[in-house]
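Novice: Listed here are the chains, written in short residue letters.
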Amino acid sequence: MSRFLRQSRLNGLTLGLVVVILLAALLGEVAAPHSPRKQNLANRLQPPSAEHWFGTDDYGRDIFSRVLSGARISIQVAAVVLGIAVTLGTLIGAVAGLLGGWVDAVLMRLTDLFLAFPALVLASAIGAALGSNLTNTMLALSMVYWPWYARLARGQVMALSQRDFVQAARALGMSDASILRRHMLRNILPILLVQISLDVGYVILYTSALSFLGLGAQRPEPEWGLMLNDSRRFVQTAPWTMFYPGLALTLAVLAFNLLGDGLRDYLDPRLRSQRA
Amino acid sequence: MIAQFVLRRLLGLLAVLAAISVMTFVLARVVPKDPARLIAGPRANQQAVEALRERLGLNGTIVEQYVRYIGGLLRGDLGLSFSTKRPVLQDIRTFLPATAELTIAALLISLLLGLPIGIASAAWKDSPLDYAGRFLSTLGLSLPPFWVALVGQLAGYYLLSLLPVGGRLSQGMPPPPTLTGFYVLDSALAGRWATLADALWHLLLPAFVLSFGVVAVFVRITRASMLDVLGHDYIRVARAKGLTYRVVVLRHAVRNALTPVLTILGLQVGLLMSGSFLIESILQWPGLGLYAANALLAADYNATMGVTLVLATIYTAANALVDVAYGLADPRLRAA
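Chains as they are written, first to last, in the numbering used here: chain B, 1 to 276; chain D, 277 to 612.
Just so you know, the hints here were simulated from the structure itself, not pulled from any lab data. Only a predicted model underlies this, so the values are computations on that prediction, with no experimental measurement involved. Every residue gets a Cβ at the ideal spot worked out from N, C-alpha and C, and that includes glycine. There could be a bad hint or two in this list.
Label pairs and their in silico Cβ distance ranges [what the hints assert, rightly or not]:
hint, chain 1, residue 1, chain 2, residue 2, range
1, B, Arg219, D, Phe411, 28 to 38 Å
2, D, Trp400, B, Leu13, 16 to 26 Å
3, B, Leu41, D, Val339, 47 to 57 Å
4, D, Ala291, B, Arg182, 32 to 42 Å
5, D, Ala291, B, Gly173, 48 to 58 Å
6, B, Val103, D, Tyr342, 21 to 31 Å
7, D, Leu597, B, Val103, 43 to 53 Å
8, D, Leu430, B, Leu41, 20 to 30 Å
9, B, Asp265, D, Arg531, 38 to 48 Å
10, D, Ala294, B, Asn133, 29 to 39 Å
11, B, Ser35, D, Gln323, 44 to 54 Å
12, D, Thr370, B, Val106, 36 to 46 Å
13, D, Gly347, B, Ala105, 27 to 37 Å
14, B, Gly100, D, Ala431, 32 to 42 Å
If we take Cβ atoms under 10 Å as the criterion, some of the chain B residues that face chain D in the derived model are [stated by the list, open to error]:
hint, residue
15, Gly60
16, Trp102
17, Ala119
18, Val121
19, Ala125
20, Gly127
21, Tyr206
22, Ser208
23, Pro220
24, Trp224
25, Arg232
26, Leu247
27, Leu249
Interface residues of chain B toward chain D, partial, derived using beta-carbon atoms under 7 Å [claimed, not checked]:
hint, residue
28, Leu91
29, Ala129
30, Pro239
Generate coordinates for the entire structure from the input sequences, incorporating the hints supplied.
Specialist: Encoded structure:
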């Protein structure tokens, strides 16, 4: 931890930002000065003030409280999406890499199929087919992300298979499953971690994008993308309704991008130029 | 050898396209809402819904429906859009040129900004310029395009009154005679300079907003690739021969560093398409993104799946094209 912080001055700032976002996700709704959902029409579209730091929206709801509470939705979705995508992808990729042959060919063509669609286009098509809500958004984004992890895991497993310690384990009669569990996962983990931390930001961004399109979170949820969509009518008259949710979203994505970059440099400097 | 390589890639492309058609079909048929009921409205009787189901090709077994669907696709029939009541293909033909024009403009801006920033960032590594370049690229990747579009609209239109509020041309400005469907190109070809200026003025904000994320990717890849090349022996030799750093960077390094950038060009088309879904509706750019955003809201699944199919096809074709170009540039890859 301290070595990570010493490596770059930016890492401290990044970690601070990530902690703030995680705290907001954990305690945001409790710590918020107002209810994120309670309407007060007498108080609508108020500019930022001492009472309402980020102003109020068209239903008179406190934007600061909504922005703070929105962190939970974003982090929750990212956790579920990456939980599914990483488990499914790693499993499929590892099986393809270990077994090779026709199993590998079939599984890799399947991943190619999912990768043949632009990410948001596929996510919105799946979202539209399943129906507009946050659960379906999570499913749609998991379907977009698993092929990347399958490819990553397959490549790693294939490279590790050639290494002496794996060959030795195999010569000792260990099964593929235990080689994978005992020897390979530990070696794949750092690379997975870097990828996950980079993807948290993008999943948050895509979740908001889908909500913005009307597919994800539904009103009155305090979701950042949905808040941005609601603010479109007030860009000129009440720009604060658009400014703060966007800023929160940008900072969250930025924080996890920087964390991913920092972790990559920390865990393996050689990885630096491999993926941009 | 080359013909064989191109042929192999083409066959691969056809296989992926066939798979894409299965995928969009599956997505269209797992729709939980009953599309026939949806269009007919809640008050229509069961008989009317059944008649509509038959007319839309939603009756019969899944295999029958798929055969009908593929037969339609091969004839260029993507079904009827429920919201516009026009054939989806006709709608796509109407809206695609606007998106293509926007995407190409954004790609040009990304290359014009991303490559020089990436090259300079690597050439002066760890200088303030490098830090600025890296910060910009990380920020570019983190900024939500729909937020940038809203901020751009606020600043450009409402606050500074410098930019138009949306659309491809000002009201009352007749579009140029259609040759390519690209207003900028068509008005230049027709010699209508006032229309050209107006089209460029309208294109400016959407293209810039759309290019943000892609500029960031180009900066990153170019910088990483340049740093890699600059570490090679032949660069040291060139320096040792007495060539200036400037000449070495521009003549020797850049040429070799740009090949990896080519490989990711196809992927960027996907990023731009995803972006067009988001910003076209905000900036009222009458393209496929706006059409798709409306179709998504209206649960217009024929239109949604038609757009998905067309965009995936373009994306796959773009990647195959890049693949072939790269293979022609580097013979080692043809065997792969």
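Novice: Holds or violated: the 44 to 54 Å window for the beta-carbon distance between serine 35(B) and glutamine 323(D)?
Specialist: holds (49 Å)
Novice: Given proline 239(B) as an interface hint, is the shortest Cβ-Cβ distance to chain D below 7 Å?
Specialist: holds (6 Å)
Novice: Assuming the hint says 38 to 48 Å, is it satisfied by the Cβ distance from aspartate 265(B) to arginine 531(D) or not?
Specialist: violated (28 Å)
Novice: Hint tyrosine 206(B) vs chain D: min CB-CB distance below 10 Å?
Specialist: holds (9 Å)
Novice: Honestly, do leucine 41(B) and valine 339(D) meet the 47 to 57 Å range at C-beta?
Specialist: holds (55 Å)
Novice: Hint says 36 to 46 Å; check whether the CB-CB distance for threonine 370(D) and valine 106(B) agrees.
Specialist: For threonine 370(D) and valine 106(B) the Cβ distance comes to about 40 Å; the hint holds.
Novice: Using Cβ atoms only, decide whether tryptophan 102(B) comes closer than 10 Å to chain D, and label the hint accordingly.
Specialist: Violated - the Cβ of tryptophan 102(B) stays beyond 10 Å from chain D, reaching only about 16 Å at its closest.
Novice: Is the distance from the Cβ of valine 103(B) to the Cβ of tyrosine 342(D) consistent with 21 to 31 Å?
Specialist: holds (26 Å)
Novice: Quick check on the hint: alanine 129(B) CB to chain D CB, less than 7 Å?
Specialist: holds (4 Å)
Novice: Does the hinted range 20 to 30 Å hold for leucine 430(D) and leucine 41(B) at CB?
Specialist: holds (25 Å)
Novice: Taking the closest Cβ pair, is proline 220(B) under 10 Å from chain D?
Specialist: violated (18 Å)
Novice: So, as I understand it, the hint says leucine 247(B) touches chain D; can you test that by seeing if any CB pair is closer than 10 Å?
Specialist: Holds: closest Cβ of chain D sits about 8 Å from leucine 247(B), inside 10 Å.
This entry does not satisfy hints 5, 7, 9, 14, 15, 16, 23 and 28, going by the numbered hints stated previously.
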